[in-house]
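Q: Sequence:
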Amino acid sequence: MKRAPTLFEAASCFLFLAVIIGVGFGYYDIPIQPLLLLSAAYAAFIAYRVGLTWEDMEKGIATRLNTAMPAIFIIFAVGVIVGTWIYSGTVPMLIYYGLLIIDPTYFLVTAFVITAVVSVATGTAWGSSATAGVALMGIAIEMNVPLGIAAGAIISGAIFGDKLSPLSDTTNLSALVAEVDLYDHIKHMLWTTIPSSLAGLIVWFIVGMNLDTGTASSDNVMGLTSELSAIFNWNIFMLLPFVIILWGAFSRKPIVPVMLLSSVAAVFIGMFSNGFSFVDGFTAMANGFSVDMVNPNSEFSETVSSLLNRGGIFSMVTIVVTIFCGYAFAGIVEAAGCLDRILESFTRWVQSSWQIVGSTILGSILIVFTAGVASISIIMMGVLMKDVYKKNGMDGLNLSRTLEDSGTMILGFVPWGVSAIYYLEVLGVGVGDYWMWAIPCYLCIVFAMIYAATGIGIKKLKEAEG
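The sequence shown begins at 1 in the numbering used here and counts up one residue at a time.
No lab work stands behind these hints, which were simulated from the structure alone. Among the clues, some could well be false.
Said to hold, decoys possible - What follows is a set of in silico ranges between Cβ atoms, one per label pair, in the way DEER data are often shown:
{"#": "1", "residue 1": "243", "residue 2": "298", "range": "27 to 33 Å"}
{"#": "2", "residue 1": "210", "residue 2": "2", "range": "55 to 61 Å"}
{"#": "3", "residue 1": "277", "residue 2": "62", "range": "40 to 46 Å"}
{"#": "4", "residue 1": "297", "residue 2": "202", "range": "46 to 52 Å"}
{"#": "5", "residue 1": "299", "residue 2": "277", "range": "54 to 60 Å"}
{"#": "6", "residue 1": "97", "residue 2": "184", "range": "34 to 40 Å"}
{"#": "7", "residue 1": "27", "residue 2": "184", "range": "22 to 28 Å"}
Where is the CB? At the ideal position from N, CA and C, for every residue including glycine.
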């Protein structure tokens with residue numbers, strides 16, 4: 001007979017996860033996937049203690065994986081886009097002109113603005129990171145901008161745009177769960193998003209003014225641009241794949257079909273513009289682009305090879321495997337009722353605004369670090385806290401904003417999470433290098449708590465009714 005887990009049993013699952021990941025991954029640098037499976041095995045032991053059968057656990061895992069399938073489709077589509085957009089010359093052209101136009105002193109500020117604009121337009125932080133982000137990282141390498149700092153600014157801009165885009169899945173989900181208007185939700189998020197982003201821009205500007213980019217000589221830049229020009233024949237049609245993505249975003253078309261359409265267009269552009277073979281175009285979809293596609297006998301610098309040899313469906317396999325391993329743990333823990341048990345204990349003592357917002361933040365972070373995705377925390381904390389906010393006279397907009405501040409914005413800091421592994425694969429920089437420079441991502445929580453403690457920016461129910 002199934003019973004509810006005790007608080008100790010529920011908490012022990014997360015404690016085991018924290019210890020095994022912290023020691024194994026953080027200290028011994030053991031791959032994260034087997035550590036997640038080991039954590040899932042311990043969670044299965046607790047689930048068995050409370051009366052679950054293996055079939056019950058399998059259903060829990062399957063239910064969790066079902067919610068991840070849209071994200072997995074996007075991940076594979078992004079792999080295809082990266083490979084084909086390099087094949088077509090779209091990404092290399094952005095790098096080429098970026099090197100000629102962007103001032104190294106203002107690179108960090110520019111990187112944030114560019115990825116933010118692209119992300120708002122497309123509604124996906126992943127898409128902007130894989131396109132504009134990849135190009136900007138290539139520029140950062142040649143300008144000798146520290147890659148951790150560059151990635152922090154790029155990821156911050158990508159998440160900023162994702163958070164404020166009406167096309168974003170997490171933005172729509174937060175508004176839906178909290179039962180508020182989508183555009184009111186976006187407007188209310190400006191309270192935390194704008195000041196945290198301004199703080200980031202100030203820091204990046206100061207850092208940029210003091211960066212030693214003197215070694216990024218014009219000879220280095222000219223050498224790279226010359227090699228790129230030798231491979232690709234620049235023309236305006238190379239922007240078509242990006243235009244297709246923007247068209248799909250503004251016309252609210254399903255993102256995956258639009259991404260695949262953009263990739264097919266990129267293949268034809270690569271064939272006719274650069275003279276690449278048709279077969280290589282589809283090879284780029286699967287295995288990514290390779291400079292060997294240009295001419296097997298040609299020799300290119302290590303910089304160009306590392307910049308262009310990337311993308312493809314199979315480059316995303318690590319991320320998908322991690323999702324499966326992480327969801328094994330999350331699905332079992334949820335099926336056993338461990339999450340519900342812990343979250344219920346949060347709500348027993350909350351009365352004031354700062355306690356309510358603080359509980360939402362703590363609960364969201366707990367779930368994000370457990371599941372590795374933001375959607376689960378948004379749904380669970382939204383359902384759990386919705387009535388608590390209303391009972392204390394707080395408008396649902398405060399809930400929807402906090403769900404994103406502590407979910408969408410924090411996700412990139414989870415080393416075993418989908419986003420962090422994605423950014424590592426696409427940008428080549430890990431959490432340990434960029435977290436400190438993704439300033440808006442953690443300052444949103446700080447501003448959320450300041451508002452909750454002072455009452456500033458906290459909308460009351462009577463304000464909405466009046």
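Q: Hints first: check each against the structure and report whether it holds.
A: Results of checking the hints against the structure:
| no. | hint | result |
| --- | --- | --- |
| 1 | 243 x 298: 27 to 33 Å | 30 Å, holds |
| 2 | 210 x 2: 55 to 61 Å | 60 Å, holds |
| 3 | 277 x 62: 40 to 46 Å | 42 Å, holds |
| 4 | 297 x 202: 46 to 52 Å | 50 Å, holds |
| 5 | 299 x 277: 54 to 60 Å | 20 Å, violated |
| 6 | 97 x 184: 34 to 40 Å | 39 Å, holds |
| 7 | 27 x 184: 22 to 28 Å | 46 Å, violated |
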